[in-house]
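Asks: If you're matching them up, the sequences are chains F and X in order. Each residue of the first sequence is one higher than the one before, starting from 6 at the first, in this note's numbering. Each residue of the second sequence is one higher than the one before, starting from 6 at the first, in this note's numbering.
The set of hints was computed from the structure by calculation and includes no laboratory data. Just so it is clear, CB atoms sit at the ideal spot from N, CA and C, and this is done for glycine as well. Hints are not guaranteed to be accurate.
Restraint ranges, calculated between C-beta atoms of paired labels, are given here [what the hints assert, rightly or not]:
| hint | chain 1 | residue 1 | chain 2 | residue 2 | range |
| --- | --- | --- | --- | --- | --- |
| 1 | X | Glu90 | F | Glu22 | 26 to 34 Å |
| 2 | X | Pro160 | F | Glu90 | 34 to 42 Å |
| 3 | X | Thr159 | F | Thr18 | 44 to 52 Å |
There are 2 protein chains.
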Amino acid sequence: MTDAPDDDLAWETTASEIAYTCPGFDIVRDDVVLPDGTETDYDYLDDDPAVVVLPFTPDGDVVVIEEWRQAVKRVNRGLPAGSVEPDDADLTAAARRELEEETGYVADSLRSLTTLEPANGITNAVHHVFVAEGCTPTGERDLDFNESIRVEETPHEALRDAVREGDCRDGRTALALLYHDAFRPESEGDHA
Amino acid sequence: MTDAPDDDLAWETTASEIAYTCPGFDIVRDDVVLPDGTETDYDYLDDDPAVVVLPFTPDGDVVVIEEWRQAVKRVNRGLPAGSVEPDDADLTAAARRELEEETGYVADSLRSLTTLEPANGITNAVHHVFVAEGCTPTGERDLDFNESIRVEETPHEALRDAVREGDCRDGRTALALLYHDAFRPESEGDHA
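Just chain F, same shape as in the assembly (with noise of 0.2 Å):
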């Protein structure tokens, strides 16, 4: 888990640029030079840090979005996220606005689970995981031009059962709830 520079597995990187740019991300290249000496170059996904939140109503129910996601050119099935924004006070004020933003619902109280990196082989995207207590459908919704999303709540054990399955594919999903499940404190029972 080092990080040290001077790690023999260590990268140095010579040179940076933006080499392709899109409203959604950019991709950078990198020249860089390999533990041996090797000079070469690296692409990866430049993309704004987000916030992935796991909503709980106050009887235990998820509250899940449906949305195209079209890189996979299918509806999706999970939670609600979405970048962090400028105006955002923290992570916390991120995760409550995009909760409130996508489904309509507020919530009584969000703590952070863990922060993850989807897939930091391509993408220095970063996940920045919540879990919202409470969550009740009387907010206002705001989405951005190109969203269309369903909202309906599901019981926990059936969006456990959709993961175990395989039916839920949504990687960020998937890592939410697991780590929730695994993790959460004895003391708040079954339901969240």
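Dock chain X against chain F, hints included.
Replies: Chain X in isolation, oriented as in the chain F frame:
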């Protein structure tokens, strides 16, 4: 979980082109029509399907690797993984090959755990996750020119603790371990 093409969330793809290419991946730009009729475009990273292997030794330790991850500029501790190649007879063969190439370990047996999309908002990447049992360092490593990899055995519980504490930020490693631990058959006992 529907993927019916007439789902009212579906986007229509009217054209598609490779907008950028590099040795690791392509960027695809699709022209799309949103459900409300808006015409726009959407870029995503086109990645090869990959296998991720959770390898256990006969003693129940996990074979982990450390390698440099240029996208996040640090050494990553995680599981062997790599793209499926044309010569792989099937996904299990790909998992067996990647395990041996990256770690030098050979598995007694492999079985599929699940298939997940790590970040389907930005990429069509798919991770086919396998568990490998009875792994011993009896094979031949064969690294790509830009791979420098340290291999070590770590106690299962230590890796789980690293995931819990956020010391293992590698999403595919966290997912494979948490999925395995959550849904392993009762008969397997604690070690694997």
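Asks: Which numbered hints turn out to be false for this structure?
Replies: Those not satisfied come down to hint 3.
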